[in-house]
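Student: This is what each chain is made of:
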Amino acid sequence: MSDTNEMSNTSEQRRQFLKTSVGAAAVAIAPGMLMFDMAHGKTEAVSGKVRWGMLINTANCEDCDKCVKACNKENGLSGGLSPTDSQWIRKVELKDMRTERSLALPMMCQHCAEPPCVDVCPTGASFKRADGIVLVDKHICIGCRYCMMACPYKARSFVHEPLHDQKPDVPRGKGVVESCTMCVQRIDKGLQPACAEACPNKSILFGNLNDPGSEISIKMRTEASTQVRADLGLDTGLRYQGI
Amino acid sequence: MANHSPLRFKNRIFYALVAAGGLVVLMGLYAAHMMEGHGHIITGMNNQIVWGMPHVFAIFLIVSASGVLNVSSIGSVFNKPAYKARAPLAGLLSIAMLAGGLSVLMLDLGRPDRIIVAMTRFNPTSVFAWNIFLYSGMFAAVALYLWTMMEKRMNPWSKPAGLLVFVWRFVLTTGTGVIFSFLVARQAYGTALLPPMFIVMSFAWGMAVFHVAQSSIYEWNEKLLDPYVQKRMKNLMGVLVIAAFYFVAAYHLTNLYFARQTGFERFILLDGGIYPLIFWIGYFLLGNLLPLLLIYHPALGKSRSILSASLLIILGGFSFLYVFIIGGQAFPLSIFPGYQVTSSFGDGAIGLYQPSLPEIMLGMGGVGIAFLITTIGVRVLDFVPHELPKSA
Amino acid sequence: MSKLFALLAILCMCASATATEIYGMPKLDIGKGGQCVADPQWMRKNHMRVLFQQRDETVHQGMRGGKFSLKNCIECHASLRDNSVTGRADSFCEGCHSFEAVKIDCFECHSSKRSSSLVQGESK
Numbered sequence: 169m170s171d172t173n174e175m176s177n178t179s180e181q182r183r184q185f186l187k188t189s190v191g192a193a194a195v196a197i198a199p200g201m202l203m204f205d206m207a208h209g210k211t212e213a214v215s216g217k218v219r220w221g222m223l224i225n226t227a228n229c230e231d232c233d234k235c236v237k238a239c240n241k242e243n244g245l246s247g248g249l250s251p252t253d254s255q256w257i258r259k260v261e262l263k264d265m266r267t268e269r270s271l272a273l274p275m276m277c278q279h280c281a282e283p284p285c286v287d288v289c290p291t292g293a294s295f296k297r298a299d300g301i302v303l304v305d306k307h308i309c310i311g312c313r314y315c316m317m318a319c320p321y322k323a324r325s326f327v328h329e330p331l332h333d334q335k336p337d338v339p340r341g342k343g344v345v346e347s348c349t350m351c352v353q354r355i356d357k358g359l360q361p362a363c364a365e366a367c368p369n370k371s372i373l374f375g376n377l378n379d380p381g382s383e384i385s386i387k388m389r390t391e392a393s394t395q396v397r398a399d400l401g402l403d404t405g406l407r408y409q410g411i
Numbered sequence: 021m022a023n024h025s026p027l028r029f030k031n032r033i034f035y036a037l038v039a040a041g042g043l044v045v046l047m048g049l050y051a052a053h054m055m056e057g058h059g060h061i062i063t064g065m066n067n068q069i070v071w072g073m074p075h076v077f078a079i080f081l082i083v084s085a086s087g088v089l090n091v092s093s094i095g096s097v098f099n100k101p102a103y104k105a106r107a108p109l110a111g112l113l114s115i116a117m118l119a120g121g122l123s124v125l126m127l128d129l130g131r132p133d134r135i136i137v138a139m140t141r142f143n144p145t146s147v148f149a150w151n152i153f154l155y156s157g158m159f160a161a162v163a164l165y166l167w168t169m170m171e172k173r174m175n176p177w178s179k180p181a182g183l184l185v186f187v188w189r190f191v192l193t194t195g196t197g198v199i200f201s202f203l204v205a206r207q208a209y210g211t212a213l214l215p216p217m218f219i220v221m222s223f224a225w226g227m228a229v230f231h232v233a234q235s236s237i238y239e240w241n242e243k244l245l246d247p248y249v250q251k252r253m254k255n256l257m258g259v260l261v262i263a264a265f266y267f268v269a270a271y272h273l274t275n276l277y278f279a280r281q282t283g284f285e286r287f288i289l290l291d292g293g294i295y296p297l298i299f300w301i302g303y304f305l306l307g308n309l310l311p312l313l314l315i316y317h318p319a320l321g322k323s324r325s326i327l328s329a330s331l332l333i334i335l336g337g338f339s340f341l342y343v344f345i346i347g348g349q350a351f352p353l354s355i356f357p358g359y360q361v362t363s364s365f366g367d368g369a370i371g372l373y374q375p376s377l378p379e380i381m382l383g384m385g386g387v388g389i390a391f392l393i394t395t396i397g398v399r400v401l402d403f404v405p406h407e408l409p410k411s412a
Numbered sequence: 005m006s007k008l009f010a011l012l013a014i015l016c017m018c019a020s021a022t023a024t025e026i027y028g029m030p031k032l033d034i035g036k037g038g039q040c041v042a043d044p045q046w047m048r049k050n051h052m053r054v055l056f057q058q059r060d061e062t063v064h065q066g067m068r069g070g071k072f073s074l075k076n077c078i079e080c081h082a083s084l085r086d087n088s089v090t091g092r093a094d095s096f097c098e099g100c101h102s103f104e105a106v107k108i109d110c111f112e113c114h115s116s117k118r119s120s121s122l123v124q125g126e127s128k
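Chains as they are written, first to last, in my numbering: chain G, 169 to 411; chain P, 21 to 412; chain Y, 5 to 128.
By construction, these hints were calculated from the structure, which means they are not laboratory data. Wrong hints could be hidden among the right ones.
To be verified - Residues on chain P that point at chain G, a partial pick, calculated with CB under 7 Å:
{"no.": "1", "residue": "I61"}
{"no.": "2", "residue": "N66"}
{"no.": "3", "residue": "N67"}
{"no.": "4", "residue": "V70"}
{"no.": "5", "residue": "G130"}
{"no.": "6", "residue": "T145"}
{"no.": "7", "residue": "F148"}
{"no.": "8", "residue": "A149"}
{"no.": "9", "residue": "V361"}
{"no.": "10", "residue": "T362"}
{"no.": "11", "residue": "F365"}
Ideal Cβ placement from N, Cα and C applies to all residues, glycine included.
Please model the complete structure; the sequences and the hints are all you need to start from.
Tutor: Here is the structure:
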């Protein structure tokens, strides 16, 4: 294509032909492509406009462990209770030492806005997603466990043994640290975390803290709720009622 | 070198020592290999006690590696000839212990195969990431310092190099202390007292390690340490042990004063089972009182008792770190202050920890690496202190 | 011109066939196979790069459903016999990786099974 003048006529024709054929092809393929895009197109990156959180009403928290069971099932945890087994969510029984009032609540990663685990991680494997979910990138975690030392909530577990038959959506493996992901694989599909869905009394309310119209925001605006260890100033994404 | 048969005998002992050291290192590597295959399940560590025996060894080695440079700093920075003659040996010990400590730390990782990730991905807010830089920089700084001392033409540079090492090791020990200082939620840690405490402890432990190495080398070469030098060094060591104890006392006293911390202090000093026992017997009695007696009692203070004192100080160091690191984690996190807490994940309960053979082997492997480097270094290069003719 | 191409293509096929025989290159069980998300030769060379790229996007930015996902690879290429890309000498991933002596660091954590087969097997 060194001499453009001579070629211009032919190329004009070619261009015309291409235009029509591409147009025709587009009309023919478009619906299919659209379908393909819906099935295989990448979803958009999560944004800071959303901050996922949970409001846990301890008054309704009964003597059951359906949230724990649902978590184990969704994420493929063994459910073992030895000190070396992973527990992403656990039921904690509390008794006020003065008044003897007792209550129970589910405890898990609090998805802090200022997470100490992210600050201390040497490789950046602990990170906070734009929508507020605190995760471990297990591809770059070296297993130093400094985040477990730093977490004020004992939310993290270290995988002490080789694992098999993991869930395709929840990769887990020996030698790295893991914790509650707020069921990120479900959230990205538009579903609720497994624990919130499983709770028979709807004690775990999941939603977008940044949307003033969301159920969780409205409830938090009108009713009292607290952060666990609020004194640390970590701005947790999980709030509790009744403690 | 005139007499041949003792030389041959010494040669044989040297190879025996190298073989013994190598065996310990191999055992450590084997332990690391087992841990990589089976996972940390074969150690005593768990989700509550996340750092265990390997960290006690590693932190002792790294902190002492910084402290042993005391000797060279006093020589190079403060111009004391008695110490200057010992600076190369201190440098070698420092590199050896740093290598041992870092190897243990690395091999204890859940994914030691990803160590390259730690080098290439840096989280600027992480003290661990700073320390990776500080530790590797320390190697370089000490190596440079050794070069300026051992290569005649570089001698004029040894003072600035010594100054660099002096500053670097302060920052390094601060970095090691800060690892714990930055843990806001743990009752045992999270205080700004820890970096200076670690620095002073590093002085004491480093001096003790230096004494042990120096005594062995002098014994080996059938040399006698100048009594004047010995007296000065033992007095310095005594002062440093007292200073380190002062920091430990201040740490516990401030904790005792805060009502929210008294539960923790009760646990660590009184009713925590093995931890108070190790603290009082291992650290206080054997690691402080007895060595001070050996150093300062007028009837004692000779080379034998100084060697014993040094060994006891090292034992005390290990005891302190065991209580500090493992006891500190065993005490439950205060997640819900004012509540009595129970759960399936050990909330509100004292963490259980039983050190296992592989992790002790791994830690010993680190000591083995330090020993091996020192032994071979002293043999092949000129690290034995040359007393200046007029050292007084 | 077209003849030349045909000849070249045939030559290439011969060459690859002989290479397979001479060097004992693995004959892989490609599972369902069919139209790959990109040219197979290009994928052979670049699959790790696109997998890494997508992995970072998915983990850190929550971008899901991209075409270079490991799950997608497995969905098509897991063997029809055992629904897996590892475990046998001719498994899609393992066959080639053991031939090339490159460690796969995926399946210690990721499932190597076709996920649609797991959903059925779970008897919901």
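Student: Under the constraints set out in the numbered hints, which ones does this structure not fulfil?
Tutor: Of the numbered hints given earlier, the structure breaks none, since each of them holds.
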